[in-house]
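Heads up, the sequence shown is in my numbering, so the first residue is 18 and it goes up one at a time.
Treat the hints with care, since some could be wrong.
[What the hints assert, rightly or not] Below, in silico cross-link-like pairs of lysine-lysine (BS3-like), each with a Cα-Cα straight-line distance of 25 Å or less:
#1 Lys51 to Lys225
#2 Lys210 to Lys269
#3 Lys137 to Lys167
#4 Lys225 to Lys269
#5 Lys210 to Lys69
For the record, the hints were derived by calculation from the structure and aren't laboratory data.
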Amino acid sequence: MSLTEFETYLDDHAIIKLLVTAALLFVIVLILRKVIHTFFQKTDFIEEKKEKTLESMLNSIISYAAVIGFILVVLDQFTSIEKLLAGAGVIGIIVGFGAQSLIKDFFAGLFLLYEKQLHKGDFITVNNTFHGTVEDIGLRFLKVRQWSGKLLTISNGQIKTIENYNFDYMRVIEKVTTSFQQEPKQASQILEKACERLNDELYQYLKKDLTDKPYEPFQVYGMSSLNHEHRGYEYTIVGVVEDLVYWTAAKKTRFILAEELFEHNIFMSEQRVELNSSFKEKPYFNSNEKLT
18 MSLTEFETYL DDHAIIKLLV TAALLFVIVL ILRKVIHTFF QKTDFIEEKK
68 EKTLESMLNS IISYAAVIGF ILVVLDQFTS IEKLLAGAGV IGIIVGFGAQ
118 SLIKDFFAGL FLLYEKQLHK GDFITVNNTF HGTVEDIGLR FLKVRQWSGK
168 LLTISNGQIK TIENYNFDYM RVIEKVTTSF QQEPKQASQI LEKACERLND
218 ELYQYLKKDL TDKPYEPFQV YGMSSLNHEH RGYEYTIVGV VEDLVYWTAA
268 KKTRFILAEE LFEHNIFMSE QRVELNSSFK EKPYFNSNEK LT
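The task is simple: from the sequences and hints, build the whole structure.
Structure follows, in structure tokens:
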């Protein structure tokens, strides 16, 4: 069968023509995605995170282009494209109202990329409600993998605020509340010692300048409250780390602080519990005391 005969056969069998068109578009999409992926793998002129983000967006554009192309082929089988375009004025008004959200999502997605608000792999908070890792940035939707493993899909047009935890550096901020019975000078000295240990053991996580000097090593920011929630003295410990290791650094920081405080018998904040009983001499106890 010659090419001309094959084309004539397809023209006479619309369903088969549509199936062949769909198969060809599917193969073309796969090939283009493979080419794009290979291109980014073999080049390093932009950062890896930006490469993944750009690759995700290009894949999205290719997919939408293939779908639109297939829709046009389907329409061409049942009506004249010229006639359809001639009536586009009236149809455009009708469809326009229904396509408002689609257009809104599309432009919102473009601005997300253009303004570099996030990249694939970033840990973000969306609308002060949803937390997770950016898995895919499309023209219409943003996909975020939550801590539980659930995949959250959000329309780009619904995104109001984004908190990005992966913008060059993050500041670890830990607060320690000691008992009112704990001598402040001793507590401060122990925390200073803990910071020395943090800077030694977590040196690899600290954000550094071009001379390999930490921007802001771990340090005791000072006493941030004399009466934190009526429970004790509050101290704040801070340190600037690389954004990609923030969560690991924060967990290790808390563990080291807990070890140092426990080792030096620092009394932590007390919880007063009122007892409605016949006790007269001691009507309450705190977390640093034992019931007998």
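Structure-based check of each hint:
| no. | hint | in the structure |
| --- | --- | --- |
| 1 | Lys51 to Lys225 | violated, 37 Å |
| 2 | Lys210 to Lys269 | holds, 16 Å |
| 3 | Lys137 to Lys167 | holds, 17 Å |
| 4 | Lys225 to Lys269 | holds, 19 Å |
| 5 | Lys210 to Lys69 | violated, 42 Å |
Comparing the model with each numbered hint stated earlier shows that hints 1, 5 do not hold.
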